[in-house]
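Residue numbers (our numbering), protein chains in the order written: chain Y, 3 to 345; chain F, -16 to 479; chain G, 21 to 364.
Because the hints were derived from the structure by calculation, they are not lab data.
Across the chosen pairs, the derived CB separations fall in these ranges:
1. G/N160 - F/K255: 43 to 51 Å
2. F/G125 - Y/G114: 55 to 63 Å
3. F/E241 - Y/L340: 48 to 56 Å
4. F/A155 - G/T150: 42 to 50 Å
Cβ atoms here follow ideal geometry from the backbone N, Cα and C, with glycine treated the same way.
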Amino acid sequence: MATTTENVQAKPSLGSRISNEMFIVLLMIAVLVILFVIAAIFVPGFMKGQTIVNIFTSNWYIIIIGIGVTFLLITKNFDLSVGGVIAMTGVLSVYFSQAANVSRNPLANGLGLPYPVAIGLALICAMGIGLVNAFFVVRLRVPSIIITLGTMMLARGIGRIVTQGAQRNTSLPDEFGLIGNMTLPNTTIKIYVVIMVLLVIIAFVWERKTVGGRRTYFIGANSSAARLSGVGVARHLTLLFIMSSFLAGFTGILMASEYKAGISSRAMGYEFDALVVSLLGGVSIMGGFGSVLGMFVGALILAVVQSAATGLLLSPEWNFILKAIAVFIAIMAQGYFLRRRVG
Amino acid sequence: MASTENVLEIRDLVKEFPGVRAVDNVSFDIKRNTVHCLVGENGAGKSTLIKILTGAYDRTSGSTLLNGREYVPHDPKDARERGVTTLYQELNVVDELTVEDNLTLGLEDTTFWFIRKTDKVSDMIAVMNSIEPSIHPKQKVGSLSVAQKQIVEISKAAATEADVLIMDEPTAAITEGEIERLFEIIQTLREQNVTVIYISHRLDEIFEIGDYVTVLRDGKHIDTKPLSEVDGRQELIRMMIGRTVFEEYTPKEETNPELVLEVRNLRNHKLKDISFNIRKGEIVGFYGLVGAGKTELARAIYGADPFEGEILLNGQPYTPTPQKAIEAGLALVPEERRSEGLFTILTIRNNIPVMNMESISNHGWISASKERGVAEEYVKKLNIATDSIEKEAAKLSGGNQQKVVLSKCLNADADLLMMDEPTRGVDVGAKSEIYNIIRQLAAAGKSIMICSSELPEIMNLCDTIHLLFDGELKASMPNGDDVDSEEILHIVTGGD
Amino acid sequence: MSDTIPSKQELAYQQDRSDIIRANIKRFYIYFVLALVVVVFSVVRLDEVSWFERGHFLNPNNIINLLRIAVPIITVSGAFTFLMIAEYIDLSIGSTMSLASVIFAWMILNGFSFPVAAVVTIFAGLIMGTINGLLVMKLNITPVIATLITLSLYQGIALLIVPDGTSAIKSIGEQTMPAWINNYAREDVLFGLPMAFFVGIAIVIVLIVLQRRTVIGKYSAAIGGNKTAAELSGINPVYWVSILYIIVGISAAMAGMARASYMSLGDPLSSQGMELWVIIAVLLGGTKFTGGEGQVEKTIIGAIIIIVVTVGMLTVIPAYWQTFALGAVLLIAVVINYQLVGES
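With these hints in hand, go ahead and build the complete structure from the sequences.
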């Protein structure tokens, strides 16, 4: 068996040059295209320009938090707290910026901080949640699914406390609504879509081309081998949890700015959607496999499905069922194709 | 069932792995109601043979007869049902359940899921208490000592009328007194129609407890005879080693006196007060058999496990973690390459640079060309058999996988390379390639520390040989013509 | 199956004194905590909560009310314990309960009798549990993801059954929900407690018996403690874990039925977030989330504690503090569990 190697520089076939991850991404792009075509044929009004634009823009917030969730998923960890962090940070950004002592209504009074300081502080609070997650998962070795369930409540709870269960939307400085509502010149595409795209690109580059990004894969593929190979597992996982909460916080600030309000019930269920799009995009819970690019494609697939459902006049409840079926099919199909490819 | 003289008959058994014949036409008989010992060095084929007998492996060819009938177990559970039970080192008991529950696990008498307290339960407890009266059936198994857990497993086998009980290195983790107890139990078992196949490297025990002995070497059957006909340890040792000549080792002309590693009074749960030095450019070997402490030593020095004692690396004391160890110039090829050494779902290209990401990056940016270059360089240098660096590590053969792990460490440019069982499961060709690499490294001024249970390996390569037994450093000697391999084997099997 | 609580004889075998102390703490802490919590809340004055009578916590009416709400959580947590012991998880229990509520209410609303509706609902729970078992054990989807999938699926089905325009299955237009739907969960049968309560007690007893006296309890611990040893002993995890999922499914369905009966309607969103409560209960009860150890009785006490704590909190803190408090309780439960059980 073990014979001398032939010239290893000989170019391997195109098929094997693409990594397994990219194979799955391509597969899901193919699925996306197929679904798109099917929708175009069967769903009335699907091919309108606005609909297509919406596919790319409607899930922008899921994609941003999906970045963090994807990386954690690659390391076999979950982060269910992202939805709660979005709500909390949005509320805090409002609370911190609301003018102080202007009203008898406590919900109209804030800390009166300058807007940049307010959002900075809010982001720090978000990262604090990430730190709590990291502590319990890395130090105490508690399963991340359980801990982040708790921090989800904790974060959302903070949002509820600060808004007394409702919302805060008054006494805001003018610049509050800026970043959430800015659009690209001459279009209706909001700036946050651009930010979303930029973040995905940055994340993708980080994942593929940097040493730091590579660590995620080592840890996910085999955390003991990673440790023995000198990878700082604890530190990297902590970084990922904080990053995930940061992204969620950032999203919360954008959303609060868009609606000029901090609503404690915002982003309910977003953590689940982030998981869905990651799984649709080929991230494997077995660890060490997956890409944010795949997650992005997964988000597009989700958007197409949701849009088609609306176009077919299915009631919104169908979303639950569709997501369940979509994830199920994705997991089964990805497993099947990967097994065939790898042989 | 016909009462034959032989409980097991093995005929022309062959087991092949890619590139290696682990069991090579082995034939012998095991007589009923005897204690039949199986000895041989690491790699001789003992564990593979046992795994075939218990259904964990499929055989390549050959036949086995149990009580005169064809015996081909599908899996360990099947083997157990047919009467062949194995006592592994990783004990198969559930710590969280009581002794009683463990004994009856899977064997309960039930009515619609309800466990009935029948005589079977008290019978099994009686069997166990007849072997070891001090174990209370309501104790949680987790609170028992290793020896006691073994007894629970043995009792279960005995009570379920196993024909054959295979014990794989049972004395590795128990005390002297418990060993005596175990031997009494084995005698009792024999009287109760259980045949014991006893695998151990502790030759004194073989002589104490065994009726017959089978010696394997390099996968081949050397001899099977009653222990009464064996002329002492020496004869066994001679059969185990055969006439392998270790001429390949040539002593070095000059030795560099500079010390790269100093270990002082290293001790932990397994190791007892170990001290030694390694010089620059020296190849040092730690030889010992299963349970001697080789892996624990390597891991402790590397920082993977805690210890007490002092370590100086290049003259500087350091508190090791793997990260710091690598930075300081240490690298470890772990014992279990699949679970500790490799990222099996990642490609060769991804695996190799992990211990030294600077070699493929600039300021944190991975350079694809550098990455390819490094991977291709090592594939070439170590002759890794693959048509592409994009191949998943999981798909490589054992030898090539080991070469990938080695590449990882070489890429880390370590001053001291530690290798734990460097050629386990590696085919002959790859083996000698790895040996050449080791020699080249030493010639270039690097130091190597090899922990191995293969004597030829140690004898071929090492400048200095340390012998380990039961966590203790028993002897050290420079390699050379006057080294007596029989003497070595004598020491590592517990003699003095 | 024998008692896994350390007996006096076993304790005598434990050499280390601190081990003995630790073992005793483990055994009894939960009763202490329960007592402590009850005492604390009985000292606090209750003014705000509508269905509590003013005055002290230990008022018999309040206890009855408490027990009535507690039954669903207690029974589901008890069943959930088995799964956790075997080192599996089911996140879909909330949706299972909701769907069961909806099915039950729908059947009653459409004229079926109570026994028929009950049987159908329980059967639905069995199906839901079976699906979970299939996904996890046959298709080898990791339990978290598999049960998140079914969480979504069951929730969606529950929402779909409810006709557009209403939020729940209830009296609408000409169709009225018969008043006797309340009988199961509201009407006084004995000591002011309804039928559902006694059924709940029965379920709890069944669960405890299952754990102590049948192979279910033993095999769960074996599978969770050392799967290889279990398989070698002839225990097939696929079969037995599926049974556990079915038990959870049926318990959840019965809990959903009780809730629908109590509220006289089938609310598809009523039991969202149930998973959190159940997990807290299991954690407080000292179940190891790496498997092998845990007891139904302790989980039940844990469930009672969490209910008492939450209900008690409601009287002391404003409603909008509740989410935060729940999250904090989970984290505290995790820490307690960590102390009790040690690192995984």
